[in-house]
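The listed protein sequences derive, respectively, from chains Z and X. Residue 828 is where the first sequence starts when you use our numbering, and the numbers rise one by one after that. Residue 6 is where the second sequence starts when you use our numbering, and the numbers rise one by one after that.
The set of hints was computed from the structure by calculation and includes no laboratory data. Note that the structure is predicted; figures quoted are calculated from it, not measured. Just so you know, even glycine gets a beta-carbon here, dropped at the ideal spot from N, CA and C. One should not assume that every hint holds.
As a list, the in silico PhoX-like pairs of lysine-lysine whose alpha-carbon atoms are at most 25 Å apart [unchecked claim]:
1. X:312 / X:238
2. Z:1171 / X:399
3. Z:981 / Z:913
4. Z:1035 / X:238
5. X:51 / Z:1171
Chain X stretches covered by chain Z per the calculated footprint, using a threshold of three residues with CB under 8 Å from any CB of chain Z [claimed, not checked]:
6. 26-32
7. 83-93
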Amino acid sequence: MTDEQGTSGAVLVVGGGISGLTAALETAEVGNDVFLVEKGPSLGGRVAQLNQYFPKLCPPSCGLEINFRRLKDNRKIRTYTMTTVKSVTGGPGNYEVTLITEPRYVNSNCTACGDCTAACPDEIANEFNFGMNNCKAVYLPHEMAFPRRYIVKKSALSAAGAAAIKAACKYDAIDLEMQPETLTIKVASIIWATGWVPYEPTKMENLKFGQSKAIVTNMMIERMAAPNGPTGGKIVRPGDNKAIESIAFVQCAGSRDENHLEYCSHICCMATFKQMSYVREQYPNAKIYVFYIDLRTPGKYEKFREVRMADANASFIKGKVADIILEADGGVTVVAENALTAEKISQKVDMAVLATGMQPSLGLQGAPAELKLDASGFVISDFDKAMISAGCAKKAADVVTCTQSSTAAALKAIQVSRR
Amino acid sequence: MIVQPDLEFIRSLKAAGGDTLKKCFQCATCSVMCPLSKEGKPFPRKEMIWAQWGIKEKLVTDPDVFLCHQCGDCTANCPRGAKPGDVLSAIRAYAYTFYGWPAPLAKLASSAKGLPILIGLPVVVIFIMWLLSGAMRFPTPTEFASHGYQQFFGTWDFRWYAKNIFFIVLIMVPSLGLGLFSAFKGIYTMWKTMCEDAGLNREYRPAIVPFIQDFIWPSLIEIVKHTRFRECKTNINRVQGHLPLMLAFIGLFIVTCWSLLKNDVLGLFWHSLHGPLPLSDPFKLLANVSAIALLFGIGVLWSNRKKAECELNTQPTFYDWFLIWEITAVGVTGLGAELLRWAGMPILGYIVYFLHLVAIMMLFLYLPYTKFAHLLYRTAAYAFEKYRQSAFGKNI
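Based on the provided sequences and hints, a complete structural model is requested.
The following block contains the structure:
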């Protein structure tokens, strides 16, 4: 689409999570052409990994499915998975963007029948489940993956494995010779919906993540609680599968901390309250301890907090866990000072959940274009340059806020394309 | 409770290196990170909020403030850069001024503005003494070689009490006396309030001897061994400076006592004992080793402080540097005077020796108001902690 000034009215949306999907759909449904690129093999981003999400505690299939449906029906959106932005040249209204698509080693013949996976002898750690279980080296990213197409992790594939999966595929869909492809597109504006990654928990040395199976992250709890997760929805201690009698939630693990993420990640308090419900459903008598600095449950979420805090078997301790001691029986002891009573508390628990925060993806990997990032790596929108941020690339936020900011970003992007 | 914040107090904390205290959001990471913070009564989180609120009454009588060794483990792990270690140091600085008597002198010793008077006072006093003594002249090289600095204030015929000693005692004893009296007064008040705060019955208390045996002596042993200092992680290399420095002070204390005994008691009967010690004398050896240890120790502390200012962004404060300067001055002038004696340079030697006396008088006179006071206040806090945990700490 080219308007009278010779500019392209197309919009590039970088990132195919809930924010990118929303921005792409809102833009396309107004009538603009949209390129939607996603680094991973399927769309849905972090939301796809959750068991339930706010505000209504829906399973992710609920919100994502309808968006996938809208996407399928909309001929104005072109979707590229396994694709990243390599470079951006030109100016607002007239950007030339080079995209690079990594090989999936599975072509469009794939019908997702699963014969290759059954035949494959090689296993890899399941990234989608944070390595809590293994999957085959040829796999469907996850149950709800869209586009519904398999992917090969070639580096983990043995020669025998390669032969086996090729032989197993009836549709000649496996193509291990596939090469990275470069594509150049012209767009008027770019929406950055590059999302977030869970903050690396091993960076908090005092919290000893990785030294005991009893120390997990909040995102790992989401996967465990999910019916399609590594434990089939059962929250147990990884390693020995022990049922949970006591559990500690370690709030602000790496957030609000100059040495880690200096900002509040916004969602961890609510995530913990939500996960308290998962635990309570499965273990009616388990002791729950929440160690916090402040409980941040804005607006209508106050009600949600009140309900969880009324739980007789849950204790709330105002004090950050600054040390975790590994115990011989596989459990851990978390240590904090209760600031309200000025006493030092050492609480032995079966499992400790680190409520790790959100780190903006671009803060970690750097921006592929001339983007304004703040000190933490969040993208600062520059409307004059038609570089617009949305969702968690803009700020740490819950899903509702993300979809709102994505709709807003779509409007801004359209405005630039019609200038 | 209605809190009346003492703004003057908060301002003085900020000036003494506690400028970051308002950043604290009470997450209590520090109390867990602190290797010296005990199970029952963790610190420094509670001190941070008291300081933010300006409740100085609680802080100046809080033994935990003095039990802190400024390891820096809390500061290194603080998520807000509130530097609890530096704030507690600033609270100690305030406490020394708070307890200091006479108050104007204590106030003078608390800021760099007082420096001209702080140095000028001993310079004038010692110079006047020198004039009064009537010595008032530089010795000939021969005199210098035989007497060294032992006739700095001249000599007289009264053999039972040397003139030089008379003047040195006249200068140093009142200086140290005032320092010790002021510190005693401060510690007495502090101890009394600490007992009240802890709800201890002061009627039920030990006699002097068991008190020293059970509380003071074990504290001293712990201090000499640097047991707690060694638990620090972030600033652990301060031990390498503080330990030789402390041993040097002990060594020089022994040498001073011996020299007094030898010259002024034994010397009365055996005249040959007068005069500077030969290099081979074990006490001279101890003196020289101590002097070198002192300079080495203060050198390490000096560079550590500089490093902390660069790496941990510790604020340079008069409180910290004044003591480092004082001790460096004592070491440099002391060793310098000795070297000049060997070199046979009487005039320069006498000037350096004069400065040495000035440095020592400063150390004594300002003992209870400067960072040097930690050696008394911290020992008292150690003893109080043991006292509180003993049978005397139980309310019967």
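Hint check results:
1. X:312 / X:238: holds (15 Å)
2. Z:1171 / X:399: The hint holds at about 21 Å.
3. Z:981 / Z:913: holds (22 Å)
4. Z:1035 / X:238: Holds, because 18 Å separates the two Cα atoms, which is no more than 25 Å.
5. X:51 / Z:1171: Satisfied, since the Cα-Cα distance of roughly 12 Å is no more than 25 Å.
6. 26-32: Coverage by chain Z holds for the segment 26-32 of chain X (3 residues, Cβ < 8 Å).
7. 83-93: Contact hint for the segment 83-93 of chain X vs chain Z: holds, 4 residues under 8 Å.
Every hint, counting from the list given before, is met by this structure.
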